[in-house]
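Q: Here's the letter readout for the chains.
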Amino acid sequence: SQQGEEDPQALSIQEGENATMNCSYKTSINNLQWYRQNSGRGLVHLILIRSNEREKHSGRLRVTLDTSKKSSSLLITASRAADTASYFCATRDAGGTSYGKLTFGQGTILTVHP
Amino acid sequence: SAVISQKPSRDICQRGTSLTIQCQVDSQVTMMFWYRQQPGQSLTLIATANQGSEATYESGFVIDKFPISRPNLTFSTLTVSNMSPEDSSIYLCSVEVLARTGELFFGEGSRLTVL
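Chains as they are written, first to last, in the working numbering: chain X, 1 to 114; chain A, 1001 to 1115.
Hint data in this document are derived by calculation from the structure and do not stem from the laboratory.
Please note: incorrect hints may appear among the correct ones.
[As the list claims (entries may be wrong)] Taking lysine to any residue and the SDA-like style, the derived pairs with C-alpha atoms no more than 20 angstroms apart in a straight line are:
| id | chain 1 | residue 1 | chain 2 | residue 2 |
| --- | --- | --- | --- | --- |
| 1 | X | K101 | A | P1067 |
| 2 | A | K1065 | A | D1011 |
| 3 | X | K101 | A | S1009 |
| 4 | X | K101 | A | T1044 |
Turn these sequences into a full structure, and let the hints guide you.
A: Shown next, in the form of structure tokens:
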């Protein structure tokens, strides 16, 4: 089954508004990461939060992690048209031996209107 | 950080043919990872390419269909064999940024369309 279910599947907002995306997962994790994918391009790593962390900030990004609920959220503040992209959460399983094996969510398509 | 170059960036292929995708990294890395992204879908790991040993395939992916080469620490190829329309996807090469974190750098991807 697919780990890393995200909601909403699509989000449309105006420039300057905040965007919140949620991710749920099923197994115990070592860390959870968020990636951005512009249309037709590769993925860009945004932020990583470890299983023993609850919140992390990077610029306009704020990530929270609730391991008891197996969920995470990504908040983008003061959004810009350039933030328009697909956003994926990805988890690395606890005890996993393949460090590059990430389980990706289905993604949220964010559209920011100027 | 790492700069990853993939070729081809896109291609249109005929059913039954095979295509090899190349991935070049600007620094030496121990492991390289090949992911597939089917249209409108998320990413799925195909295999891990280790230099000097056989690639490690994930469940649902086999070497006969997706043979991988890893001749040195900066280069890898993925071949999609005997293609069918179901193989139409974006294939992405990735490497680990920091050892043992799973934080990945991705190439721009190779978008294959199989007719």
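Q: Now tell me, hint by hint, if it's right for this structure.
A: Hints and how they fare:
1. For the hint pairing K101 (chain X) with P1067 (chain A), the CA-to-CA distance comes to about 18 angstroms; that is within 20 angstroms, so the pair holds.
2. For the hint linking K1065 (chain A) to D1011 (chain A), the alpha-carbon distance of about 18 angstroms falls within 20 angstroms, and the restraint holds.
3. About 23 angstroms separates the Cα atoms of K101 (chain X) and S1009 (chain A), which puts this hinted pair outside 20 angstroms; it is violated.
4. Proximity of K101 (chain X) to T1044 (chain A) is assessed by CA-CA distance (about 9 angstroms); at most 20 angstroms being required, the pair is judged to hold.
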